[in-house]
Amino acid sequence: MLALSRKKNESIIIGDDIEITIVDVQADQVKLAINAPRKVPVYRKEIYLQIQQENKAAANISEISIEKLKNIK
Amino acid sequence: MMLETKHFGTLKVEEEKILNFETGIPGFSDNKKFVLLKNEENQDSPFAWLQSVEDGDVALALVNPFMFYPEYSPEIRDELIEELGTKEEKELSVYNVLVVPQDVKDMTVNLKAPILINKKNKRAMQAIAENSEYGVRHYIYEDIKEKLK
Numbered sequence: 001m002l003a004l005s006r007k008k009n010e011s012i013i014i015g016d017d018i019e020i021t022i023v024d025v026q027a028d029q030v031k032l033a034i035n036a037p038r039k040v041p042v043y044r045k046e047i048y049l050q051i052q053q054e055n056k057a058a059a060n061i062s063e064i065s066i067e068k069l070k071n072i073k
Numbered sequence: 001m002m003l004e005t006k007h008f009g010t011l012k013v014e015e016e017k018i019l020n021f022e023t024g025i026p027g028f029s030d031n032k033k034f035v036l037l038k039n040e041e042n043q044d045s046p047f048a049w050l051q052s053v054e055d056g057d058v059a060l061a062l063v064n065p066f067m068f069y070p071e072y073s074p075e076i077r078d079e080l081i082e083e084l085g086t087k088e089e090k091e092l093s094v095y096n097v098l099v100v101p102q103d104v105k106d107m108t109v110n111l112k113a114p115i116l117i118n119k120k121n122k123r124a125m126q127a128i129a130e131n132s133e134y135g136v137r138h139y140i141y142e143d144i145k146e147k148l149k
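Protein chains in written order, with this note's numbering: chain A, 1 to 73; chain B, 1 to 149.
Just so you know, not all the hints are guaranteed correct.
Stated by the list, open to error - No more than 30 Å apart at the CA atoms, straight line, and that leaves these computed lysine-lysine pairs for DSS-like:
{"no.": "1", "chain 1": "A", "residue 1": "Lys39", "chain 2": "B", "residue 2": "Lys90"}
{"no.": "2", "chain 1": "A", "residue 1": "Lys68", "chain 2": "B", "residue 2": "Lys33"}
{"no.": "3", "chain 1": "A", "residue 1": "Lys56", "chain 2": "B", "residue 2": "Lys32"}
{"no.": "4", "chain 1": "A", "residue 1": "Lys45", "chain 2": "B", "residue 2": "Lys122"}
{"no.": "5", "chain 1": "B", "residue 1": "Lys145", "chain 2": "A", "residue 2": "Lys68"}
{"no.": "6", "chain 1": "A", "residue 1": "Lys70", "chain 2": "B", "residue 2": "Lys119"}
{"no.": "7", "chain 1": "A", "residue 1": "Lys68", "chain 2": "B", "residue 2": "Lys87"}
{"no.": "8", "chain 1": "B", "residue 1": "Lys87", "chain 2": "A", "residue 2": "Lys70"}
{"no.": "9", "chain 1": "B", "residue 1": "Lys38", "chain 2": "B", "residue 2": "Lys105"}
{"no.": "10", "chain 1": "B", "residue 1": "Lys122", "chain 2": "A", "residue 2": "Lys56"}
{"no.": "11", "chain 1": "B", "residue 1": "Lys12", "chain 2": "A", "residue 2": "Lys68"}
{"no.": "12", "chain 1": "A", "residue 1": "Lys70", "chain 2": "B", "residue 2": "Lys17"}
{"no.": "13", "chain 1": "A", "residue 1": "Lys70", "chain 2": "B", "residue 2": "Lys149"}
{"no.": "14", "chain 1": "B", "residue 1": "Lys149", "chain 2": "A", "residue 2": "Lys39"}
{"no.": "15", "chain 1": "B", "residue 1": "Lys33", "chain 2": "A", "residue 2": "Lys70"}
{"no.": "16", "chain 1": "A", "residue 1": "Lys39", "chain 2": "B", "residue 2": "Lys119"}
{"no.": "17", "chain 1": "A", "residue 1": "Lys39", "chain 2": "B", "residue 2": "Lys6"}
{"no.": "18", "chain 1": "A", "residue 1": "Lys31", "chain 2": "B", "residue 2": "Lys149"}
{"no.": "19", "chain 1": "B", "residue 1": "Lys12", "chain 2": "B", "residue 2": "Lys149"}
{"no.": "20", "chain 1": "B", "residue 1": "Lys145", "chain 2": "A", "residue 2": "Lys39"}
{"no.": "21", "chain 1": "B", "residue 1": "Lys32", "chain 2": "A", "residue 2": "Lys39"}
If you are wondering where the hints come from, they were derived from the structure by calculation, not from laboratory data.
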């Protein structure tokens with residue numbers, strides 16, 4: 001993990017085509033502007049972690065649950 | 001190829017049926033190859049399984065969302081869909097991941113992040129929908145019971 005300090009309006013460039021700019025800095029919140037190609041998905045981390053968690057839970061299905069699922073149709 | 005699986009015994013996997021998830025799926029980013037297992041006894045079944053070809057223990061239950069939610073319309077950026085090699089929604093199969101706990105009545109479906117499959121070239125991804133009305137855990141049991149009775 002790379003740690004950099006940026007002031008308001010300064011930017012970071014990742015790779016060749018992703019740019020993150022600090023738009024505003026408040027006491028407890030930082031506003032970022034992200035400029036990336038449309039094919040690169042950008043998510044709030046919490047959402048990504050939720051998807052991850054649900055996928056792992058889905059893969060953790062028990063044999064009993066599989067049987068019950070078959071009985072539903 | 002023959003695949004030893006945790007839930008389905010030994011499976012014969014046809015190479016041309018293997019789905020390619022270029023970046024895997026969240027939580028399983030190293031698993032890039034899966035097969036879609038459908039219910040052979042019941043062609044109309046809305047359920048399917050996403051079985052990893054690289055790890056026999058990894059299988060996720062899936063459901064066809066439109067049978068229960070005909071209005072389901074996840075907003076996915078065109079550019080992400082184009083990564084699958086198509087611009088046409090109709091060339092895609094859509095499935096949603098089901099979490100089935102011990103008590104089946106508590107089963108939930110992830111409407112926020114559908115699995116999209118390009119039927120022709122077998123490229124697939126799990127995309128996160130931009131619309132806020134869909135959650136990662138939607139209680140689906142009652143909707144299934146209602147529809148299938």
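Here is what the structure says about each hint:
| no. | hint | in the structure |
| --- | --- | --- |
| 1 | Lys39(A) / Lys90(B) | holds (20 Å) |
| 2 | Lys68(A) / Lys33(B) | holds (27 Å) |
| 3 | Lys56(A) / Lys32(B) | holds (15 Å) |
| 4 | Lys45(A) / Lys122(B) | holds (28 Å) |
| 5 | Lys145(B) / Lys68(A) | holds (13 Å) |
| 6 | Lys70(A) / Lys119(B) | holds (25 Å) |
| 7 | Lys68(A) / Lys87(B) | violated (38 Å) |
| 8 | Lys87(B) / Lys70(A) | violated (35 Å) |
| 9 | Lys38(B) / Lys105(B) | holds (22 Å) |
| 10 | Lys122(B) / Lys56(A) | holds (23 Å) |
| 11 | Lys12(B) / Lys68(A) | holds (25 Å) |
| 12 | Lys70(A) / Lys17(B) | holds (23 Å) |
| 13 | Lys70(A) / Lys149(B) | holds (15 Å) |
| 14 | Lys149(B) / Lys39(A) | violated (42 Å) |
| 15 | Lys33(B) / Lys70(A) | holds (25 Å) |
| 16 | Lys39(A) / Lys119(B) | holds (20 Å) |
| 17 | Lys39(A) / Lys6(B) | violated (35 Å) |
| 18 | Lys31(A) / Lys149(B) | violated (50 Å) |
| 19 | Lys12(B) / Lys149(B) | violated (33 Å) |
| 20 | Lys145(B) / Lys39(A) | violated (38 Å) |
| 21 | Lys32(B) / Lys39(A) | holds (19 Å) |
In terms of the numbered hints stated before, the structure departs from hints 7, 8, 14, 17, 18, 19, 20, listed from lowest to highest.
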